[in-house]
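**Student:** One letter stands for each residue in the lines below.
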Amino acid sequence: EAEVAQSPRYKITEKSQAVAFWCDPISGHATLYWYRQILGQGPELLVQFQDESVVDDSQLPKDRFSAERLKGVDSTLKIQPAELGDSAMYLCASSSSREMNEQFFGPGTRLTVL
Amino acid sequence: GNSVTQMEGPVTLSEEAFLTINCTYTATGYPSLFWYVQYPGEGLQLLLKATKADDKGSNKGFEATYRKETTSFHLEKGSVQVSDSAVYFCALRTHYKLSFGAGTTVTVRA
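Residue numbers (my numbering), protein chains in the order written: chain D, 974 to 1087; chain P, -15 to 94.
Just so you know, the hints here were simulated from the structure itself, not pulled from any lab data.
Bear in mind the structure is a predicted one, so any value in this text is a computation, not a measurement.
Careful, some of the hints might be misleading.
DSS-like cross-link-like pairs, simulated, lysine-lysine; straight-line CA separation at most 27 Å [to be verified]:
| # | chain 1 | residue 1 | chain 2 | residue 2 |
| --- | --- | --- | --- | --- |
| 1 | P | K52 | D | K1035 |
| 2 | D | K1051 | P | K33 |
| 3 | P | K33 | P | K52 |
| 4 | D | K1035 | D | K1051 |
| 5 | P | K52 | P | K81 |
| 6 | D | K1051 | D | K988 |
| 7 | D | K1044 | P | K36 |
| 8 | P | K81 | P | K36 |
| 9 | P | K81 | P | K33 |
Given these sequences and hints, build the entire structure.
**Tutor:** This is how it looks when you write it as structure tokens:
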């Protein structure tokens, strides 16, 4: 069964360091999403791609966060510099198109900033 | 703006008990409604959905009915199992964007 892959699964870093997360969506899925899930809360959308283009990054803290999906397939989310408040689960999801209701989620990357 | 309010947890039940998790929403337009489940150590999985008023979503013994008049989408299961222990998230979708509730942790004891 096709799945969304994410790596690493866990990341511990010190504040002011740079971190990067990788996501490989289900093959053929044009739409890719990055979410942040703070402990005890629901996921919050950070950025949405349609193919290689960003269609929604209204909740992405652009002073320190960046995301790219250069070839319209896999994607990288970067934080530089990391802050203590960035400790969270970062989830990637994909869907076959923006219009499709179902999003398929990866297992997430748990980030701890010390 | 759009928002989802879920019943706070944690909820602890015995096997074969009846489960209800309340969910209400605020949205502009006509959202689609979802329940997602997150098992320990795993990503979110879609449990069920409803796309218009009075639709009933169902899966794995869980049910939820889209109630426009009460802006609700409560999740129910008649007889829970230990394997249903997880975090459950109610969500709505408008303008290609999902908004989630805070989640309800459910623990089922044998």
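**Student:** Does each hint hold? Answer for all of them.
**Tutor:** Here's how the hints hold up against the structure:
1. P/K52 - D/K1035: Distance of about 37 Å is beyond 27 Å: violated.
2. D/K1051 - P/K33: violated, 32 Å
3. P/K33 - P/K52: holds, 14 Å
4. D/K1035 - D/K1051: Roughly 10 Å between the alpha carbons, so the hint for D/K1035 and D/K1051 holds.
5. P/K52 - P/K81: holds, 19 Å
6. D/K1051 - D/K988: holds, 14 Å
7. D/K1044 - P/K36: violated, 36 Å
8. P/K81 - P/K36: holds, 16 Å
9. P/K81 - P/K33: holds, 15 Å
Checked against the numbered hints given earlier, this structure breaks hints 1, 2, 7; the rest are met.
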